[in-house]
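Kindly generate the complete structure, drawing on both the sequences and the hints.
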Amino acid sequence: MIKYFLLLVLVTGTGYAQQNLKENFVPLKSSGTLPDVFTQNIRNVIKDDITELNKQKDNNKSLKKTYLTETNYEIEKIVKSGNTLINDEVTTYLNKVVDVVLKNNPTLRNELHVYTLKSPVVNAYSYDKGYVFINIGLIAQAETEAQLAYILCHEISHYTKKHHINGYVDTKKIERNGYDGKTKSDVLIEKCQYSKEKESEADIEGFKLFEQTNYNLKQAEKSFDVLQYAHLPFELVEFKKSFFETDNYVIPKGYFLKEVSSIRNNSNEDDTKRTHPNTAKRKVSIAELIGNRDNSNKLDYVLGKEQFEYIRDLARMELCRLYLKRRDYPNALYAAYILANKFPENQYVKEVIAKCLYAISLHGKGIIKYDSDSYLDNGFPSYTDIESYPQQLYHFIGQMPTNEWTIMSLNYVYRLHQKYPSNKQIASYSDSLLKLIGNTNWGITDFVRIKKKPLLRDTLLLDSINAKIETKSKTDLIANLQKENTVKIEDTVYYKDAFVDLFMNDSEFASKFPSANSLNAQTNTGFSTYKSRSEKKSKNEELIKAQAKIEKVLLLEPFYLKVDDSKPEEFQYTESDERQEQFITTVNDCAKKLNFETVTLDPGLVTSSEVDKINDYSVINDWFAEKFDANDKDKNIIFNTNEIDNVIAKYGTQYVMKIGIVNYRSKTGIKRTYYYGFIYDIKDNDIVYKRYVIYRDKDSKDLINAKVYQTFHELKHSK
Amino acid sequence: MRTRFFILAFIILNSIVFSQAPGHLGKRFSIGYGFHTSPSVFNANGKNQTIIGRGGSAESGSPAFNAIHELNIEFATSSKWLTCFSARYYKTVYDNAESFNSSQISGYNIQSSRPEGYYSMRGLTYTLYFKYFGKRYVAPWGRYVMFGPTINTVKTSYDPSEMNIRAYKYNSSSGTSKDTTFAPFGPKEQDYVGVNLMLGIGRSRIYSNRIILDYGFNIHMFSVLSSLFDITGNRIGGSPITPANYIESTVKQRVRGVNRFNLFLKIGVLLF
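Just so you know, the sequences run in chain order A and B. Numbering (the working numbering) for the first sequence: 1 to 719. Numbering (the working numbering) for the second sequence: 1 to 272.
Simulated from the structure, these hints should not be mistaken for laboratory data. Any given hint could be a false lead.
Over 12 Å on every C-beta distance to chain B, these chain A residues come out as not near it, computed from the model [said to hold, decoys possible]:
no., residue
1, 143
2, 161
3, 555
4, 702
Here are the computed lysine to any residue pairs in the SDA-like style, where the Cα-Cα straight-line distance is at most 25 Å [stated by the list, open to error]:
no., chain 1, residue 1, chain 2, residue 2
5, A, 701, B, 269
6, B, 135, A, 676
7, A, 698, B, 217
8, B, 27, A, 697
9, A, 627, A, 693
10, A, 671, B, 91
11, A, 593, B, 209
12, A, 593, B, 31
13, A, 22, A, 643
14, A, 592, A, 581
15, B, 91, B, 120
16, B, 27, A, 643
17, A, 549, A, 627
18, A, 592, B, 209
19, B, 135, A, 548
20, A, 698, B, 143
A virtual CB, placed ideally from N, CA and C, is assigned to each residue, including glycine.
Right under this line is the structure:
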């Protein structure tokens, strides 16, 4: 009976109903039971690993002990980061592929832990302890199941050949040997050379594993093409202006390139200072191995093409979200554009497009900004840096004036709002875009006219035309239009007719559309962005005191890090870990003393059944990733907010607290302790409390207790 | 009355304006013991008992140290301010290093311009003081400056058999001189009161959320300023020292010496 029950739990825990991507997409989430890495005591794991190492004869024990400490913490950090997917559809699929690859080697199979990492970067990693991480970006780019299988074989070979630990030891030795007459460049080349050798070995060993399967050997060679063109979108599709056009809105051809650039072939680039050999060499090497091997009856898909494509579509959908998280709106728009061709009625895809259009409008208005701290270093790249079809989109973004982009965005977003009226986000973007138009010199008089000639004209005529327009009241104009009694004025500007049908048939649009100069005083996006507040700022201290009454906070993984430059291993992992545990206790104790309600959300404190908490942690982390993608992070607008409302409702608070200590000791013994406590309002996208202080002192307990207590006291007594 | 009013007003204002008064983990009130010490550079102790009960003297030129014991109570009125009260006690002697003007003593042939022996002193200093903690610190933890008015009380006593003036008394009828001692220093026990302004800098650490370790230094402003007179040998007020005002004149110097500059180490307990 118990067996059946367990089986039922297993099936319900790991079984999935496929998503209907024709209609919508729900972002990927972890499910089922969390792996041991969440619940085990990492200090004991490290202790066991080192005990095991001590039993062996090894000349590099000291370095390997350091490695074991560092790598265990690194793995834990990745798995608990909220970016690792556990038991989700994609990860389950990857594990099935590994099952296929290692069906004759169950021992090795059991040593492996394969996870999907929510990262748009086309890459995969493996660690010495059998952890293999495959990025969403790579899955989105894979062309066949066989290619994915070969990439997994490559990563598994890194593990079986212990490349990670040996690479660590050899790299440290190169560093320890010093420069000794060598330049930095020489040392880098030496390290890269070593890395390349290991990569080549993994290619070959991976192929040996791969050829034991029933997968098409040729796909191993083709998988290098995926890497070669990783900088391009997952598909190359002509970007057509008609996508954004409606009956009354036709975009001038002048905004588009007649021809897009060709794709540069740099497969044989100089790889002297790269960790991986260039793809040309890798392809040749694999091609030689394939040679005359029998490749008949080998398959591109063992688990099935349909299943692969479904999983890849999930990854591609997720990829859009990851681009949004990085505020890479052009890439997100192009990815969503590709997906829209396949899934024209997918609500999620349309929503991504709406977000991108709106975000690009805000960027054009100077409301969304980038700087050197941003993932998109200082903004969108120039179209000249882009290859092939995506170049068209970048050119379009660059060429179309911001106000016209806003009109195009509104035309798309408002119609989406009509289709999904209950979608609050779409409604807010639509309202905000209307307000953006209100900030221009345009008003309803510029749009409420019926065209005579549906032809495209030069936008430069705008000013002269505006001068001739007779101003009428907003309601009069709408009434006249609806009665079709409007005096027809010849219009020569292409976008003036964009909303004619909306004015005629949609009273909400007509009533919300601004009069000319209605909101001319200030830029108002309709979004809560950054409120002015008294802020105390000096070299060693920053403080924003809470203005609103805060009664409960969600405590997001209190942080503690000790760095000691005077020691060979500057990051004091074990001590930091111990201190972090004490710190969490201190934080909760202080809150309790003041009767201040906190809920701790920390992946280090979950039980194996609390996968929901990991998902919630991931949602909030994504929010912060987007928030922090710039130096001037206080002003960043968040687009990945779909699930935030659920988290707020679940935990009963919109206030998320990040609190932590970083202690640093320099080589010369100088001590610094950094304390920070921030509270963000994740509903209204605002920082409501900030305390950041630097002490020229060690991280004594009285310092920590005093500051944490002060923070909660200030919150408790906020207005 | 006026002074009391200002002190009271200051405390109330402190409590109202800085109503965010967290203390350390909610504990705002502490009691403590403090030990103050300073090198006894001017007007050092006598009786060869100067370095916390032993050591050199002014005459020997050996280094000597003052020792003061303190009991204090401190209360965090805000996250930056502590209002405190302390009573400091010291027991010492004055070794009569100062000379007096012997011209005003008639009928005696004074053998020494300084009185023999010493007189004892028991001082109590009451201080109402305020600690202001640096911008990154939270009272009662961290670096602070402190200030406050002090009242110095001192009780002196002498034994005429120990502290006296040795002289020859001429007997005109017999035409002989007699070796004698006399003690024209007024009452055997004398009380004096003075006021001062204490300033200080310190740092307090807290262990186990209960024990306060406080260290730093303080000065008494008027004592420091009057040191200039002590160094030059000029007495404040300028009137000559006579046996009658010997204790009054020298006790002030000695009290200044004790309070002028002190290093301190205090240990306290956070009660609630």
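### Query
For the pair supplied as a hint, residue 698 of chain A and residue 217 of chain B, is the alpha-carbon distance within the 25 Å limit?
Given that 25 Å is the threshold and the Cα spacing comes to 22 Å, the pair holds.
### Query
Within 25 Å, alpha carbon to alpha carbon, are residue 593 of chain A and residue 209 of chain B?
Holds, at roughly 13 Å.
### Message
Between the alpha carbons of residue 27 of chain B and residue 643 of chain A, is the straight-line distance 25 Å or under?
### Response
violated, 41 Å
### Task
Take a quick look at whether residue 701 of chain A and residue 269 of chain B sit within 25 Å of each other, Cα to Cα.
Within the cut-off at roughly 17 Å; holds.
#### Entry: Satisfaction of hint between residue 643 of chain A and residue 22 of chain A, Cα-Cα up to 25 Å
Holds - the C-alpha atoms of residue 643 of chain A and residue 22 of chain A are around 21 Å apart, at most 25 Å.
### Query
Between residue 593 of chain A and residue 31 of chain B, does the CA-CA distance stay at or below 25 Å?
Between residue 593 of chain A and residue 31 of chain B the Cα gap is close to 22 Å, so the pair holds against 25 Å.
### Query
Is the straight-line distance between the alpha-carbon of residue 549 of chain A and that of residue 627 of chain A 25 Å or less?
Roughly 23 Å separates the two Cα atoms, so the pair holds.
### Message
Can you confirm whether the C-alpha distance between residue 592 of chain A and residue 209 of chain B stays at or below 25 Å?
### Response
holds, 15 Å
### Task
Sort out whether residue 676 of chain A lies within 25 Å of residue 135 of chain B, counting only the CA atoms.
holds, 15 Å
### Message
Tell me if the straight-line CA distance from residue 135 of chain B to residue 548 of chain A falls inside 25 Å.
### Response
It holds: about 23 Å lies between the C-alpha atoms, which stays within 25 Å.
### Query
Taking only the CA atoms, is the gap from residue 671 of chain A to residue 91 of chain B under or equal to 25 Å?
Judged against 25 Å, a Cα distance of about 42 Å means the pair is violated.
### Given hint residue 581 of chain A paired with residue 592 of chain A - CA-CA distance at most 25 Å
Holds: residue 592 of chain A and residue 581 of chain A sit about 17 Å apart, inside 25 Å.
When held up to the earlier numbered hints, the structure conflicts with 4, 10, 16 and fits the remainder.
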